[in-house]
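Asker: Single-letter residue listing:
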Amino acid sequence: MASIAFNDDSAVVIIGSGAGGGTLANELCQKGIKVVVLEAGARQSPQSFVNDEWKSFGQLAWLDPRTTSGTWRVAKDFSGLPAWICKTVGGSTTHWAGASLRLQEHEFRAKTVYGDIKGANLLDWPITLSELEPYYAKAENKMGVTRTNGIPGLPGNNNFKVMYAGAKKMGYKEVHTGNMAINSQPRDGRGRCMQLGFCFQGCKSGAKWSTLYTEIPKAEATGNLDLRPESHVTRIEHNDKGLVSGVVYFDKDGKEQRQKARVVCVAGNSIETPRLLLLSASNMFADGLANSSGQVGRNYMRHMTGSVYAAFKDPVHMYRGTTMAGIIRDESFHNPKRGFVGGYEMETLSLGLAFMPAFLDPGAWGAETNRITLNTNVKDKWGSPVPNVHFDDHENDIVMRNHAFTQGERIYQAAGAIKTYRTPPYPSTHNLGTCRISANARDGVANKWGQTHDIPNLFISDGSQFTTGGAENPTLTIVSLAIRQADYIAKQMTERAI
Amino acid sequence: MRTIPIAPVASAFSDCEESGIVPKQNLPLARREFLKGSGILMGTLAAGSVLAGLAPSTVWAVELKTLSQAEGETLMAMARTIYPHKKLPDAVYAILAKDLDGAASGSADTANMLREGVSNLNSMAGGNFKKASDAKKLAIVKGLEGSTFFGAVRGQCVTSVYNNDMAFAVFGFPGSAWEKGGYITRGFQDLKWLPAPPKSASPSAYMG
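Going down the list, the protein sequences come from chains A and B.
Residue numbers for the first sequence follow the working numbering, so the first one is 79 and each next one is one higher.
Residue numbers for the second sequence follow the working numbering, so the first one is 1120 and each next one is one higher.
Do not take every clue at face value.
The calculated SDA-like cross-link candidates involving lysine to any residue, where the alpha carbons are at most 20 Å apart (straight line), are [to be verified]:
hint, chain 1, residue 1, chain 2, residue 2
1, A, K154, B, F1269
2, A, K133, B, V1277
3, A, K251, B, G1265
4, A, K526, A, A215
5, A, K133, B, G1274
6, B, K1299, A, D130
7, A, K246, B, K1318
8, A, K112, A, D87
9, A, K133, B, G1221
10, A, K247, B, W1312
11, A, K154, B, L1263
12, A, K154, B, G1265
13, B, K1311, A, G494
14, A, K391, B, V1289
15, A, K247, B, G1221
16, A, K497, B, P1203
17, A, K133, B, K1299
18, B, K1299, A, Q125
19, A, K154, B, G1274
20, B, K1318, A, N227
21, B, K1206, A, A389
22, A, K459, A, L321
23, A, K247, B, P1314
24, A, K112, A, T572
25, A, K569, A, K247
26, A, K246, A, A389
27, B, K1261, A, F156
28, A, K154, B, Y1202
29, A, K133, B, F1287
Quick look at which bits of chain B chain A covers, simulated, 3 or more residues with Cβ under 8 Å [claimed, not checked]:
hint, segment
30, 1254–1261
31, 1301–1312
Simulated from the structure, these hints should not be mistaken for laboratory data.
The C-beta atom is built at its ideal place from N, Cα and C for all residues, glycine as well.
Only chain B is shown next, with the shape it has when bound in the complex:
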């Protein structure tokens, strides 16, 4: 599978001056014709969004190896119910589905647990969880709090949804600072809307 990395560009950050390349490249964007898995998740990044400016293509696709497309999409819908961010595109939630699919590929028990969980979501929604209203989705997911399935999906969300280049770009977090020399000369104390503390509380930075 061909992976197209997403490299942020300076102009995309409206309120950060960082321009370095974020080194993590964990979104597999694959060309449609090469995808052969148990399921494929696809979508497009909204034109004009922060991410559309970063990605080489607005079309994204993620290949699943164990779970079906419907199962993957249901997990994405569940993740968006637990951590709803209008600003995050489906492509971010697809990383969650891909990572859970990876866990399912490594363990039959995990695969069964996820499949049962998805099937449970659908039956509680009267057939199709994805198509339920947001309020209905929330009520269903709330009812699952404390279950192994809920714990597995929520736990995976923490890294899959928030620890990736797209989430960083959307939320304005530039990631690794070391290779850019930290913030000692790049605005660690540039906040101007509050008064500066006195030197006794906050001495000047040592600059050699």
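Chain A on its own, in the form it takes in the complex:
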């Protein structure tokens, strides 16, 4: 592992080590570029993960104070915990389910396809599916996604049997155990899924892709990575030319440090990324870094969920095996006849000590007013204002959720459920869009490469880039964008453009 001096201004500094930051770090290191990764959380390992939902939550989750506002139910039920994301090396790739789906072609053109939707702030992505396809292919290969690259699907568990039986009775066509970044057979030095049933608690068998034990050790092996866990960044600094010059952070001993940088890439998830840009406001950038559009923190999107649990006469043993064990894709397409635009994926899920749950994962997008702001009334332990997460459900979300609830119930009833339960939304793991990429600098924070419109050596490298959400789980797209961004950064550095 490299040791890069604080005053060395030749390295790329990446804030965050999850799907975006961890992947970008490895891709850059493989190209011979020196990288410092500052990760707020501590380093765990498959050995230190625990098969205990609440202990694991304490070990991995981001629990720094946050506030909430808006009409969404989460603001009432989980007012201090708007999101279930992680503060640990590997970020939320330690916790994610592994579902790896490409966005659909029309989802890159939401404004064109869906038209003007009142109360939403739709925009087409500055890139198309065909531009991203080669990177999707690289990401699927890197992550070992089942049903790609000749990798077999996972064996279905008992939850999947229930889903499959109900879905087929309903007439659904595309039903299988998913495209999962979980080894169905040994691959890339990692073993196969042991059907532990604790995917969300960190995969103890290492079968599920996480940057913690794939990208990061590979980057360390190049000798180009300086990974600093328990380093909480509070500010990005710039010079008098308006270029970013370094970052200030608190290290594991609580000591304030300054790391110089040639390029800064922010990958702190869609709440912390805009927060950090806003916290870095200066005389030159009074509204926060890269915020001439006023869009930093706006268009916050979450995957709205409509979960249905069901009880059956005979036992299911829902806790056995892969947590997210199956998918129905038939509702993911855009079909306005259903009363809403966009679509949703239906995915089985086993959560906690409960009955048989379904997790429906609908597409959503941001109204401009759904946003991350700084709450100056509440400070964290480093003295920085905490982020406030404001979200109002849009009419389209509500109609889609009710549709999803109904379809979820029908599936379980078709499989013989004696009772079904609708579950209100819980804290979101999919947080998107708060520094969106746009063709025009007026409409978003960064260009098609995630390079901020205002500051050429400042990049957005996580799900904050999403111009609009899709029905699909976002991680595969985040990883694909990171691989693509690494190529661009390397080229720009070679050309001395940054």
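Given chain A, work out where chain B should sit, using these hints.
Answerer: Below, chain B without anything else, positioned relative to chain A:
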């Protein structure tokens, strides 16, 4: 205080074949004569219940450090109103009282908030919340939804009531799977009352 761990035994699980020891041991069962606190909660596990078969003794006791016995019992009654499970013995709800007592011991504000909440419950019940009918208890607790006190008790219930060995045993959840090799050879696809999906949807497991 002496802690007697509860270790599940295989025969207790009527519909699960797991037989490993559940590692969490978070129920302090203490001998009566050693208890010296602000309050003591005690009870017995029903003979013949799943838990009676697991515990070394059917008598349980929990020591409180800040709250009184009456306050602890009122919080237990409130927890049973919010999350009513006939199958769960009082010993499980006592964990809630113990955990709230722990929070009260760590913060005078929390202690006051809990005491005021309990006193409020009792006054709304016309003196003694514990002795009110189930319907009356529910109406009182419903009226408190949204309050800090309700939020604190309900929030603590999520972990205290459901995340312990006794609740796991009662509901048939075996907990940690790693040390038993997961479910790859232990029934992750043993459901027989529905047809098996085709291999195209659910390929065979890789077994080396």
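Asker: Hints broken by the structure, by number, lowest first?
Answerer: 3, 15, 22, 25, 30
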